[in-house]
Each structure stands twice: as structure tokens, then as C-alpha cells.
Amino acid sequence: MNELILLLGSSIDSGTPLLLAALGLIINERSGVINLGAEGLMLIAAIAGFATAVATKNDLMALLAGAAAAALFAALFGLLVIWLNANQYATGLALSLFGSGFSAFVGIGYTQESVAVAARHSVLSHHFLVYLAVLLTMALSWFLFRSKAGLVLRAVGESPESAQALGYRVRLIRLAAVVCGGALVGLAGAFVSVVSTPLWVEGMIAGKGWIALALTTFATWRPGRALLGAYLFGGVTMLQLHLQGRGVNLPVELLTALPYLATILVLVLISRNPRWIAANMPTSLGKPFYPGA
Amino acid sequence: MIKLEPRTEPSAWLSVASPLFALAVTVALGMSLFVLLGKDALSCLQMFFVEPLKNGRALAELSLKATPLLMIGLGLSLCFRSNVWNIGAEGQFILGSIFATWVALRATPESGPSLIVALLLAGALGGALWASITAALRDRFNASEILVSLMLVYVAEQLLAYLVNGPWKDPDGYNFPQTITFLSSARIPHLVEGSRANIGLPLALLSAVTCWLFMHKSYAGYRLDVAGQAPLAARYAGFSARKALWLPILVSGALAGLAGALEVAGPDGQLTTHVPLGYGFAAIIVAFVGRLDPVGVTLSSVLMSMFFIGGELAQTRLGLPKSITGIFQGLLLFSLLTCDTLVKSRLRFTFSGPGKAVAK
Chain B
288 MNELILLLGS SIDSGTPLLL AALGLIINER SGVINLGAEG LMLIAAIAGF
338 ATAVATKNDL MALLAGAAAA ALFAALFGLL VIWLNANQYA TGLALSLFGS
388 GFSAFVGIGY TQESVAVAAR HSVLSHHFLV YLAVLLTMAL SWFLFRSKAG
438 LVLRAVGESP ESAQALGYRV RLIRLAAVVC GGALVGLAGA FVSVVSTPLW
488 VEGMIAGKGW IALALTTFAT WRPGRALLGA YLFGGVTMLQ LHLQGRGVNL
538 PVELLTALPY LATILVLVLI SRNPRWIAAN MPTSLGKPFY PGA
Chain P
16 MIKLEPRTEP SAWLSVASPL FALAVTVALG MSLFVLLGKD ALSCLQMFFV
66 EPLKNGRALA ELSLKATPLL MIGLGLSLCF RSNVWNIGAE GQFILGSIFA
116 TWVALRATPE SGPSLIVALL LAGALGGALW ASITAALRDR FNASEILVSL
166 MLVYVAEQLL AYLVNGPWKD PDGYNFPQTI TFLSSARIPH LVEGSRANIG
216 LPLALLSAVT CWLFMHKSYA GYRLDVAGQA PLAARYAGFS ARKALWLPIL
266 VSGALAGLAG ALEVAGPDGQ LTTHVPLGYG FAAIIVAFVG RLDPVGVTLS
316 SVLMSMFFIG GELAQTRLGL PKSITGIFQG LLLFSLLTCD TLVKSRLRFT
366 FSGPGKAVAK
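Protein chains in written order, with the numbering used here: chain B, 288 to 580; chain P, 16 to 375.
Some hints could be false.
With the Cβ distance kept under 7 Å, some of the chain B side facing chain P (calculated, not the full set) [as the list claims (entries may be wrong)]: (1) A381; (2) Y397; (3) S401; (4) G494; (5) P538; (6) A544; (7) P561; (8) W563.
Here are the computed lysine-lysine pairs in the DSSO-like style, where the Cα-Cα straight-line distance is at most 30 Å [as the list claims (entries may be wrong)]: (9) K258/P x K574/B; (10) K69/P x K54/P; (11) K184/P x K337/P; (12) K337/P x K69/P; (13) K232/P x K258/P; (14) K232/P x K344/B.
Hints were generated in silico from the structure; no laboratory data involved.
All values derive from a computational prediction rather than experimental measurement.
Glycine included, each C-beta is placed from N, C-alpha and C at the ideal position.
Isolated chain P, as found in the complex:
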């Protein structure tokens, strides 16, 4: 019979190979799905993996989607590493976009770059504040951060709906739930004239570098790692358990909020109920597929935005629902978790029955 046996040493190359293998499995499953739906599997494959890279315009679109995924994914990696299960990044993203809108609505045509800085800081603050509710309830009352952060997503959605249907509604907006279109002085500057890519991209990459330095080169990052992997050892060493909760949650909240600010004042240019697109949830997968490491998260955020763009293309060209993206994201995480057991264990072919294996 075949047995799975824990490996004594986790194999290093397999921990890199596992996400790639998971991707291959997802692609194979995805192509079978397209064939089942009676579509040409190869042209679908091209839609997901070639078209998003084919020219400058496509790459700019890719960067617009990868930016929020990368930022949120970095924060979540930090959380998951310290065993803090913040899965409400979507809500923190929404609060970031709300806080940024508050600043944007105060812009005048004469406002300078300082307004953009204020807008981004407000977004980060909004996300961090929303996340701090989760941290405080966990810290003070021991309430599960999984459920609290998730419930707060639904609350944030309602808060957003209230604002764009009520106090912030555009009086000339034909009764649509949306704010006015932001003045150009409150819009995120583009990187180069004529491209939609904006300064969010360098900000996200800078966050990735900072995160990498923090995780791998700083004592504080090391303490978080220990707190996550061996809470008892961390306590014995005198590392603060409260810090290991608050720091990652606040950082991830701030990053998600910043992503929300960049989204609302970037490609969207106004606050609507369609600003949250599910980046906060997709970033959970980005973090895991990226091995909770900034280098991996950067790569996986690009991959995940290809899924988003491919899904949109499948919708416009093949009339397939956009939600196919969600299926692929779920499949990818499933395959990754399965493949990961190969990293942690090896297949062993034995001829003994299960009884003997237990006796050993």
C-alpha cells in the first residue's frame, strides 16, 4: 500500500516546486472545465496567460490589479506568519477607500501633491483603525479574529452603501449610488503620460522590499516568526505576545487601507459600491501561494491578477461569467494545499497492512 510519511527535513526545492505544481494542476483542471463548456481550451489558456502580458497597455492593466493584491498579500503574510488569522482585509480595504474619499471630496482644483499624500495616509489610517477593532477584541476579550474580522467586512460594506446612498451621494448622479467624480487634483498620478499604470506600483514594490527586510533582517521580524511558530518558546524568551498580535494586524490593515485609497482615487476616480472587487479575499490566496514571503507574494500577485484579467476577457469574448476567476482562485489554493503535503511528507510504498504500521 501507499503511505504518506512525514519528512524529517522539509525539502527546499519542493517548497518552491509545490506552488508551480499546484499551478499546473489548476491549469489542467481549468482547461478541462473550458472543454466541458465547449470552448477552445488553448485560446482560453492564451486569454489567461498570454494576453495580460502582450503589450504595454495590457501590462499597465496587470499592474493596476497586481498592486492591491501585492500590498494586501504582504500584510496578510505578516499576519499568517505570526498565526494571526486576519481574513477581513476586504473590510480594511473598504475603510481605506472611504477615508481616502473623505480627503478627496475636500480637494480644490488648486490642491497640490500634498493632498495626494494626505489621501494615501488617510487610507492607511482607515484600514489600520478598522483592523484595530479586530485586534482590540482579540486582545481584550479573546474573541476569534477570524470571525470578527470577517463580520467587519459585512459591516464595512453596509457603511460604504450608506455613504454613497446618503451623505456622499452625487446630486447630479441620476440617483446612482456613487460620489462625484474626483477632481484631477485628487487623482493618483500616472507613472508615465498616456499609461494607466500609476504610482501605486512603485509603492507596492517598496512595501515588498521593506517587508522582506523586516521579515528576514530585523530582530522584530524574527520575534514575530517565533511567536507564530512556537508561541511557548516566544513566551519563554520574553517576546511580547501582544505585540505579535497588534503589529501584524495594524500593518496589514494599513496596507489594505492604502490599497483601497489607491483604488478609489486611481482607476475608479469615485467611490461606488463597486470599488471592492474581492481583492481582500483573493490576497489570502496570494499570500499562501507566495509562501508568506515577499518575493513569492510579488510573483503570486502577478499570477492572480492574470486570473482576474483572464476572467474579464472570458466574460467579454466568450460570454462566460466573470466568477470563473473565483473558481480558479479556489482551485489554486486547494491544489497548493494538497501539493504542500508532498513537501512535508514523502510517499512510501509498503507491503504491510495498516496494523503493522501502527505497531511500529
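So here's chain B without its partners, still in its complex pose:
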């Protein structure tokens, strides 16, 4: 029983970065912009956060540095796809490839370090960000579906032409969504390298950015469902680690592959009904918008 509670607790811990990233991507995609660069942003944030943690020994500073670094690169991405109308898929891929090279390059001096962050802000053996992520989920839910600003954001994602006709600055709103979303994705990346496993390993995000992208579809772009999905995935990750630890007679590699296989399974289950996806997906997602036309 005790073991089960421990497993649940650690599932929530390991689901938190997925949740933060998925929330960021939901903001992003609700505005009509898909960011395939999430993996790269998380890597950039992970090394920025870790380097800051080494320098300052302060986890708050480290997390903020990660969020800021990712927001900066997200802004660059936003300028490319929103103002220059570069293909969102290709530009996102470029960001992911760049992020993995850039983080490996910057991180080369940090591979031997590990950091015991002095001022770790924990409450009841969970980092405060774990609780904050839950609050953020509720706040984002309220924002999207109960506030006027959220309605505008969704309108921009559904029909940028109508939003513009009503006098809203579509491009600025999209850029704001991309930057805020990027910051949350960055917070997630820094959480991995500063809180979950306080060290830097090349490519340590290991697909979490992509899994978060899958989660937004799974959650049909709703924050509450993203929380459920993220914890579920955290559970799968912890379960496989738990099984590895108990020396279960299965190849380690099969267990390590489980979260990725689970992602595929979830994608299959959720996408089976194209009408359901179409009814929930922001209509202008991934499409360029020309205000003059």
C-alpha cells in the first residue's frame, strides 16, 4: 500500500514537466500556431536552467532562466511563422534540430556536474512547482473558457479573419500566445534538469516535448484533460522504472520504450474518430494568416 502511494506521488512528479509543457502548447495551439519545436525549447531551457542552478545554487532563478531562454527562442519562432509566414511544421522542426545541437554545444562543460540546489522549495516532499502546475491548469481552464481574453484567443485560433474584422490584432495575440506557451514549455524543460534529475545529459529531454505535443491532441486542447493525461504518462514512466528496479524479467529496453509505445497507442485511440478531433481542433491550426488578403 505504502509502495502504491509512493508510486502515485512519483507519477505526479514525473508527469509535471509533461503537464507544464502541454499547458504551454495548448495556449500556443489555441491561437492557431503549432510549435513542433517544443523538444528543442525544452532542451534549451534544460541547459539554461541547469547552468543557472550551477552558478546560483537557486532553483527559482534556474527555473526562471529556463523559461526566459525558451521564451526568447519561441519569440524568434513566432516572428518567423507569424510575420514571415514560414511553414509552421518546417520551422518547428528547425527549432527542434537547432535546440538539440545548441544545448549539446552549450552543455559540453556541464556534463560532469551535478548540482544539489541549496534552496530547494519543497512542500510535503514535492517541489512547489508540482502544486503550481495544478493551479496553472485551473487558471488556464478559467482563462480559456470563462474570460473575455480567453475567448479572443480562441477566436483567433478558430477564425483569424473574423477576429481581425472585429478589430483584434491577430498577429500580436498569436505572438503573445507563442511566447507565453514557450515560457511554460521552458519551465517544463528546466524542471527536468533542475528538479527531476539535477544534472545535464545531452538529449536528456528524451522526447518529452513530442509527448507533450501528443498530449494536447489527447486532451482535445483542454487543460483539465491535459493534467489527467500528463499524470497517466508520468505513471507509465514511473511504473517502468519501478519494474526495472524490482528486476522484473523483461528486457530493460522494452520497459524504457513503454512511454513511447504508450504515446503511439494513445494517438491511435484518440485519432480514430476524425470528426471528434475536427470538432475540437482549433480550425486555423498550422495555417498561415495574411492580414492584408
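We have chain B; now place chain P onto it with these hints.
Positioned in the frame of chain B, the structure of chain P alone reads:
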């Protein structure tokens, strides 16, 4: 103020000039990076653009890197043209190397050239099978091919790790995760004695020619193009949407698998976890920089392998991390996408505010 305005006719010379311009921007950014790191920018430039071409040995190394990039880049061009976002070529490459290894481990010293043929076919089959999972899940369940193909890369990496740590591990390998070194009868033949360049190069060039003929001279290639650019028109014309999904994905999987077979039985000569070097991801950039056209892809694969070799030289000579290659690759794609907006639009200097522009 300055405004970007869509061009009515995409300018032909600009679509060629744009990648060159992007390259210039990347080189300028790269040189500034070297200066920032306190290195001599000119000698770095030489490392990337002169040394890989300086003699026969360097050219042979260049061909070894350009071969997989070209093969995978061709397949991906076909995919991206038909709007199929297969970004998991790395996984298909890994499966190709695994299938080829299965054949190579069965070689005897007496095995003839037919074994090499079987090994290459097995590689292509492995890549195509792995890619077919993505196609099937997209076809049957509408699952995003971007995410599925990418997740399968991580799964393929684990499968590879399992094989070289478990059933295929070399018993005399000092516990390293690797298979035995392949017998010489299971190694890809060299083009000429004493050079490392192998028959992968002519195979890749042959694939490029075939791809060019398919894309530009065949009705089937035309149908794929229409399916990618105007799916509604394709449906109206009765072109099969399923074919436009399956054909490019299977071809790109097979080409990536073939590249994996050539790699494992060529320069590497044994299966290890270091066989996949990221060619599958770099080839995405090769495809875009090459304008999704076999001629362009051939040129850009050479360029990208210069990045790889330059990165290795920067590591051994300057002590810079090899990952600098990844930075340059990312920068090149970023610059290209930016430059491309110049192809699709023109700068317009106007004196009116944004309000008027909307009213127009």
C-alpha cells in the same frame, strides 16, 4: 513603413538563390560564433569548406557521409511533396541496419556477392516495414504521422540497444554493446582498392536519377504532387489519397533502411549503438535546402556532409564539441525558411499606416 506582399508569380531565380543566400547567412553567423569563441574564423571556414574537398581521401570521406544523406533526403522529399510528414527516418535507418546485420551475421567466408545483395535488400525491407507502421496507423486510425514516426525512432533506438546488449552481443567484445565485426564477405565492396568510398555512392546517385524521372516524367509522380499541393483537386480527379500516403512513406522507409544497411556493413562493419549518427534528422534539412528536388537534394547532401566533416575537424583540432554541426544545420534551415519568404513575397515600402493597408 516596410511591408511584405505576396508575389503573384514566384520568382524562379530567387527559388535557386534563396538556399545560396541562406548558406551565406549561416556562414556569416557561424563565423561570428567562432570569433566569439576566440577562434580564427578563416581557418574554421577552411575546415568546413576546403578541407573536405582537398584530396581523394577527403572526398572519399565526404562521399561516405553524403550517401546516406542523399538517399534519405530523396525519400523525404517525396514524402514532403505529397504532404506526408515522415520525420522518423532515423528509426527507419536503424531498422535497416538491424535487418542488414541479421543477414551479415549469417555470412561465411565463402559467401559470394549474393550475400551483399541480400543484405542491402534486407536493409531496405527493414526500413520499409518500420515506416509501414506509421503509414498504417495514419491510414487506418488517422494518427499523426509526425508524432508516430518520431516516437518510433525512440522505440527503434531501444530495439537496437536490446540487440547489441543481448542476443547479438559479441562474446569476445569485452562487454561492449556491439556485435562481432562482420566477415569481409559481408562488407560493402569498395569502389576502388585503397579508397574508403564504396558502392553506396553509385547506388545513391542511381536513386537520385530514378527519383528525378519519377517526379518529373511519370504520371504517378505528377499525381503525388497534386495530392500534396491540392488534395481536393486530387480527390476530384480521382487520384487515390491512400496511394499518396503509402507510396512515399514506403519508398522513403526503404531508402532510409538501405542507407542503414550501407552504413552498418560499410564504414562501421559491426552493429553498435553508435551506428545512428543523426543522418535521419539531418536529411530533413537536406530535403528542404534541396528544394525537395533530386538535383537540389544531391547538392545539399554534399553541403551537409561538409558540415559533418567540418564539425569533426573542429572537434579534433580546436577541441570544440562536435555538436556545432547541429547548430549549423539548424541555423541553415532557419535562414532558408526566412529567405524563402523573399521568394514568396516582395518588400514594399509604403507611407501609409497599417489601418489603410487593411482597408485596401
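Now for the hints, and whether the structure bears them out:
Checking A381/B against chain P: minimum C-beta separation of about 4 Å stays under 7 Å; hint holds. The beta carbon of Y397/B is not positioned within 7 Å of any beta carbon in chain P (closest approach about 11 Å), and the interface hint is therefore violated. Using the Cβ-Cβ criterion of 7 Å, the hint placing S401/B at the interface with chain P is not satisfied: the shortest such distance is roughly 19 Å. About 5 Å separates the beta-carbon of G494/B from the nearest beta-carbon of chain P, less than 7 Å, and the hint is met.
Nearest Cβ of chain P to the Cβ of P538/B: about 5 Å, under the 7 Å cut. The hint holds. Hint on A544/B holds. Least Cβ distance to chain P is approximately 4 Å, under the 7 Å limit. Below 7 Å, beta-carbon pairs count as interface contacts, and P561/B has one with chain P at about 5 Å; its hint therefore holds. With 7 Å as the threshold, the beta carbon of W563/B stays out of range of chain P, its nearest partner Cβ sitting at about 10 Å, so the hint is violated.
Distance check on the hinted pair: K258/P and K574/B sit about 24 Å apart at the alpha-carbon level, within 30 Å; holds. Distance restraint check for K69/P and K54/P: the Cα-Cα separation of roughly 22 Å lies within the 30 Å cut-off, and the hinted pair is therefore satisfied. For a cut-off of 30 Å, the pair hint linking K184/P to K337/P stands: about 28 Å separates their Cα positions. A distance of roughly 21 Å separates the Cα atoms of K337/P and K69/P; the hinted pair therefore holds under the 30 Å criterion.
Between K232/P and K258/P the CA atoms are separated by roughly 18 Å; this keeps the pair inside 30 Å, and the hint holds. Simply put, K232/P and K344/B have alpha-carbon atoms about 63 Å apart, too far for the 30 Å limit, and the pair is violated.
In summary, the structure is inconsistent with hints 2, 3, 8, 14 from the numbered list given earlier, while agreeing with the others.
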